Amino acid sequence: MIYREAGQFKTSYAADQAIFPIVQDRVLVTLGILVAFLVPPLVADEYWLQAVLIPLVIYALAALGLNLLTGYAGQLSLGTGGFMAVGAYAAFKLTTSFPALNILVVFVLAGLMAAVVGIVFGIPSLRIKGFYLAVATLAAQFFLIWLFNKVPWFVNYAASGTITAPPRTVFGVMVTGPLATAPVRYVVALGLLAVFALVAKNLVRGRVGRSWMAIRDRDIAAEIIGVRPLRTKLLAFAVSSFYCGVAGAEFVFLYLGSAETLAFDITLSFLVLFMIIIGGLGSILGSFLGAAFIVLVPIFLTNAPHHVGLVMPVALQKQIELMVFGALIIFFLIVEPHGLARLWQITKEKLRLWPFPH
Amino acid sequence: MTTIEAGLDTFPKLVRSNAERRPHKIAIREKDLGIWQAYTWRQYFERARRIALGLAALGFARGDKAAIIGDNRPELYWAVAATQALGGVPVPLYQDSIEKELAYIVDHAEARFAVVEDQEQVDKLLHIRAQCPRLESIVYDDSRGMRAYSDPCLISLAELEERGDKLAVGQPGYFDAELARGSADDVAIICYTSGTTGSPKGTMLTHRNMIVMGRNAIEREGLRHDEEVLAYLPMAWVGDHIFSYAQSVLTGFTVNCPESAATVLHDLKEIGPTYFFAPPRIWENLLTNVMIRVEDAARPKRALVHFFLGVAQALERARLHGRTPSAWRRLLHPLGQALVYGPLRDNLGMRRIRVAYTAGEAIGPEIFVFFRSLGINVKQLYGMTESSALVAIQPNGDVRLDTVGTPLPGVEIRISEQGEVLYRSPGVFVGYFKNTEATRQTLEDGWVRSGDAGFIDAAGHLKIIDRARDVSRLAGGTIFAPKYLENKLKFSPYVKEAVCLGQDRPFVTALVNIDLAAVGNWAERRGIAYTSYTDLSQRAEVYDLIEHEVRRVNASLLDDDVLKGARIRKFLILHKELDPDDEEITRTRKVRRGFIAQKYAALIEALYGDGDRVQVQAQVTYEDGRTGTVRADVKIRDVALRATAAGEASL
Amino acid sequence: MNDAGPLLEVEGVSVRFGALMALHQVSLRIERGEILAIIGPNGAGKTTLLNVISGFYHPWEGRIRFAGRDRTRLKPPDVAELGIARTFQNVALFKGMSVLDNIMTGRLLKMRGNVVLDALWWGPAQRQELAHRAAVERIIDFLEIQAIRKTPAGKLPYGLQKRVELARALAAEPQLLLLDEPMAGMNVEEKEDMCRFILDVNGELGTTIALIEHDMGVVMDISDRVVVLDYGRKIADGTPDQVRKDQAVLDAYLGVAHD
Amino acid sequence: MTEILHGLVAPFADIASNPSFFAEVLIGGIAAGLMYSLVALGFVLIFKASGVFNFAQGVMVLFAALTLVGLIERGAPVALALLLTVGVMVLLAFAIERVVLRPLVNQEHIILFMATIGLNFFLEGFGEMLWGANVKRLDVGIPDTSFKIGNVLVNRLELTAALTAAVIVTVLAVFFQKTSIGRALRAVADDHEAALSLGIPLKTIWTVVWSVAGLVAIVAGIMWGAKSGVQFSLSLIALKALPVLILGGFTSVPGAIAGGLIIGVCEKIAEVYWGPLVGGAIENWFAYVLALAFLLFRPQGLFGERIIERV
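Chains as they are written, first to last, in my numbering: chain A, 226 to 583; chain B, 188 to 838; chain C, 934 to 1192; chain D, 23 to 333.
Quick caveat, the hints were computed from the structure, so don't treat them as lab data. Be a bit skeptical, because a hint or two may be false.
To be verified - Straight-line C-alpha distance at most 27 Å; calculated DSS-like pairs for lysine-lysine: (1) C/1124 <-> C/1178; (2) B/763 <-> A/575; (3) C/1083 <-> A/426; (4) A/426 <-> C/1178; (5) B/456 <-> C/1088; (6) C/1178 <-> A/354; (7) D/200 <-> A/354; (8) D/225 <-> D/200; (9) B/763 <-> B/777; (10) C/1083 <-> C/1028; (11) A/575 <-> B/777.
What the hints assert, rightly or not - Computed footprint of chain C on chain B, listed as stretches where at least three residues anywhere in the stretch have a Cβ under 8 Å from a Cβ of chain C: (12) 207-221; (13) 312-322; (14) 332-344.
This structure is a prediction, so every number in the text was calculated from the model and none was measured. Just so you know, even glycine gets a beta-carbon here, dropped at the ideal spot from N, CA and C.
Please take these sequences and the hints and turn them into a complete structure.
In structure tokens:
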């Protein structure tokens, strides 16, 4: 309904292959990004930034990473938590060992470390597929967490076994550590998300993304076309783990402040997996929608009874949350197996064709 | 009236002037290889020049004719300009012509050259070469599938242009000299019109005809250099030549060629033209298309759309009749604009339209109102090949339902004693090629007999009733205008074609062609199974459906004092589609009344008899040229009989 | 690369699956520029032969030479890199991708790149992408599938899917094109179109073609040479006319009622 | 390098000096392994019949145990409680077939897998809401004490559990091989459409299979619950069943048993002999790494059929 497309014709392939070929989409997305950057830091209170928006943005980055691997390259992974832990511990070691290193560089290096680990655990993907691969990634998950738990070097021999984000600045502004304000941390996380989302889009709409999707859709046909499966899958593992690694580093440095291995256990892997299922496999937008859904629904479930005057014990609330969560997953799979992103896509298609149904 | 400046008196000279004055302005686009490939006026001129030189290298001489055959392609428009630049005459032909038609025109026009789009046209020309001894060279643009052809008369466009380049090296001044020799009174184009009777006639139009007339219309309509036009109607039609070539060259606006016939609607939406023209046929198809698609929508949405369409149509009707629309409708209109009209216009690709024409035939008033009510400035245009397509146009802000508007600047109109419309204008043709007899019959002292019956009303608008020879009376003396009825019938999405009969008969009857897409869809939604067109057409349910439409038409006639005596009493649904290949309708989809009366005599007699069904056998021509026989049992439905039974006013 | 001699030589190739001998010492040559039809009853080993040629199975014995060089043990991507492309008996399109992306995938081998530049969609990466798009558009034009360019491949009718698959194979600009039943499941009109496309590919692009086909009319019409397999053995090899008259073929194949 | 090798081998040096300790470790491993087998069996049953990789199997174990304990706590006699629990699990199977599987029929496997993850969450929340989240003791009347056979210490509870598991496994194997419904299940697993055309109602099959899996879950729940209390960590055993499946193959009943035993034994031995070298708790990941190493050499598992890929 809001779309006006007559006269939007393309005279070059560059314009035809643009990320948002429709003017209205470009305007909407630009506005959306501006609002995301400007409004929360100015308007939202500490609780919303710290407890909702910052984790949301970080989860979105992790979900994006997993979606590249699972949604685009078709390699099911349950090791997200482990790869995020690699990012977090690498960032901790880097900042404490090289205090002069810019924190943004640390994030990237932490991501690269995670990428290397991802490649190692991705090697089995050449021979095994589907659920078997999921088990292999579980091995990564449990092994990595065990490793960080057992080797005191990773926590600089701290007796508590926790890692803590030291204070660091970017352009003189405190970004990490206890003195970094929530708005600053939010903007940094969002900035990283925006940049990496663009990078992800560029990857999936070109050569790399097509070889991933080819492997995902028909691995044998892809090979016969000339796609080299090992190289392609390992690249997917590397890029995905890079994203998860950066997200893991942010998780400790921009969100929690300090953490133990417990923060990265198998539950986190599942949480991120749910985000991409509910959001939509094989969709960048889906990663965001899924993260928002998984973060916001529990908040809604916590607050909704309160608003209608119901008082519930915390345990009951937690249980209801689990049930609603599970039921929603099943509901979404039945209604739309391709997630929120597909729902949005259908809505958009309807809006474009309105008043015609198809 | 405009005069022609020196040096700008032929179209190729105007193209050159565009190339100099606005070298980087886009002249023409073509959807090819997935995107709109654009060519500037400089490229337009350059390509036309190279093609002209190539033709010259093949021996093209002043006055030679070149047949142009194919879909709307930039290369073919360039070939038109190239031919004109050499003082030759382009003869565009319908790309879907069968070999017989093609052979007649190519031979009659004495074409020495043909510039064609692709293998399909080459094959046809090679087949008919024996009948066209003057045809020497065939230039083809698309070399797909041409590798196995070794006939020496064939040359690809690329090769032609290379030859042209060589010629230019040897005779650098050749092209400019030839271009300069052209004058306003050279014949610029010969358009063959098939007509409803007889052999096609070649209408000769000069550069002066089209420059002056084209410019008059540009000024009247306020056309600018930034218009966008979709060139999708056959190049052989004079309308396309005026709108997609002449006026584009005159103003410098951009012409867009669709990717293929199958993608026209999609391309229309992409381009979103500002200036658009379509015969009633296309408007009808668009409307049918809209209605079918809306029918598939969920019930609430469908109701919403119908409601707001109703509001808009009531508003538009009031406006056209000069009444003040009701206040609540005016209040609802902005909402409808946001919810229905705007999106619908956009989806049709008509959001940006500033001026649109319906031309070639009378349009059903319902169709006309529908599009105008959406906010599309569609206007009726009256004209014909003999007048360079332009005689009268409804002025902006003064559009009426039943007239074709006021004469364009420079056009004079008078009505003969027999009631026939005669006109005289700078656009009037110089004669039919090699047919002085026909020229004499049509053209007299600069006045052209239009063949239409009509009159000029008090406000100076021209009103056309029907073809002069088709308006007739029933046996009882009542006035009977078949086309008027037919157009009303065709407003229904379910009716594709209709032929009304009644001259010297006691009452009016109709032969109806159902629209397979719409009726098929309708039947599917009701779970009516059918095996073929013939089967579907004879289903009782379908007869009920069509009867409902006939009743609607009859009811609408009650308003008109003159015509209400000529309501449809009986109808039948034809068992096959009327087809140009069977010569039942022309390529421009005009009904060949005489031919049909003869071919379906048995059916018509049955309509005026007592039976309720009739056996038919008919010859049909398949796509590959084979013929076969179709047998069917056609039912006859008496509307009056049932109307009486239903307690309505009897006829 | 050696330009003389046959494009592909299969010498005494056998393939076995456990106890089953799917191919038994099959030898054949595919000459440059020809259209070779491989026919035979169901289970004769035709698809297995294509699978061996495209490196998906490796022969138990025998050798395969491409343009004079031994390539018996190459893996599918390496075979593709040599210039062999193929289509599949049961269409193997990437269903989650648009037609355009499917065909673009066919050009992956021709794309070089650097992940960092790809990630930035910048400079050479973008130029490469657009150049290949242009090349793919020419194939789309060639196969007349403009109207479905942006349709998801999974939503197309079968006949069109086959055409898109051909487009994807052509996108690799192969020297040798292997078609596994390109016309299976098509109506007469679609078959005619496909025949025209195959002849055009062979004639205008000069691509050597080996195809498996059941429709004998098609085989006799478009192929320069016919190889007949039966129970994993080659029983005839010659022009369509020779094969048509061959007694072994008549006994084994043409005499048998066939779908 | 030699040092590492030496380090790996050294702990086993004293096996000879203390063979009864090794035997105890071995028996502990076998006992744990049989438990894994039980859970894995639930997976295999469902996977064979419906192609669904049932991630919720672990939670079904927890749910069954919670229900049983909950009923006993509320005063139901053990036998009645057991009967009611069986009823609940059968009811659950019906509900799952109707609400989850039927609407998702013909969807890709990955989607069904995801659905069972949703089921996992739902059952976890539902079970805890019904019966409470605190750790419960499950007393089945067998003392958690040990007796000696020769020099080897054997735990009564573990022994009973192992025997029960062995019986169940045998019964199921017979059920699958000999009974008509078992054959029907195998037919369904091989080819849905073929099974349908034979007149086997898919709905019924699915319900039966999920019911059987529920019953297996009860047994597993009782055993594990009696040993380590009924709590959330029970559902994590499900994850341990994954490497078992990989070893045994997803569709093989004997595979599930053998895989369980191998994993159970290896894990115990590794933990006891190597664990101390690296700080312990390697049980958490050893099974997965073992399975992974195995996968690289035999992707189809011990008993799985060899996959021939076709184009």
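Consistency of the hints with the structure:
Between the alpha carbons of residue 1124 of chain C and residue 1178 of chain C the distance comes to roughly 25 Å, so the proposed pair stays at or under 27 Å and holds. The straight-line distance between the Cα atoms of residue 763 of chain B and residue 575 of chain A is roughly 37 Å, outside the 27 Å bound, and the hint therefore fails. Our distance criterion of 27 Å between C-alpha atoms is met by residue 1083 of chain C and residue 426 of chain A, whose separation comes to about 18 Å. Restraint check for residue 426 of chain A and residue 1178 of chain C: not satisfied, since their Cα atoms lie roughly 59 Å apart, outside the 27 Å limit.
Pair hint residue 456 of chain B plus residue 1088 of chain C holds up; C-alpha atoms about 23 Å apart against a cutoff of 27 Å. Taken as a hint, the residue 1178 of chain C and residue 354 of chain A pair is broken in the structure, with Cα atoms around 49 Å apart against an allowance of 27 Å. Restraint check for residue 200 of chain D and residue 354 of chain A: the C-alpha separation of about 33 Å exceeds 27 Å, so the hint is violated. Taken as a hint, the residue 225 of chain D and residue 200 of chain D pair is honoured in the structure, with Cα atoms around 22 Å apart against an allowance of 27 Å.
Between the alpha carbons of residue 763 of chain B and residue 777 of chain B the distance comes to roughly 17 Å, so the proposed pair stays at or under 27 Å and holds. Pair hint residue 1083 of chain C plus residue 1028 of chain C holds up; C-alpha atoms about 12 Å apart against a cutoff of 27 Å. Straight-line distance between C-alpha atoms of residue 575 of chain A and residue 777 of chain B comes to about 38 Å, which puts the hinted pair past the 27 Å bound. Coverage of a stretch by a chain is defined here by at least three residues with a beta carbon nearer than 8 Å to that chain's beta carbons; for the segment 207-221 of chain B and chain C the count is 3, and the condition holds.
Coverage of the segment 312-322 of chain B by chain C is violated in this model, with 0 residues showing a Cβ closer than 8 Å to a Cβ of that chain against a need of three. Remark: the segment 332-344 of chain B is confirmed as covered by chain C, as 3 of its residues place a Cβ nearer than 8 Å to a Cβ of that chain, reaching the required three.
In summary, the numbered hints that this structure violates are 2, 4, 6, 7, 11, 13.
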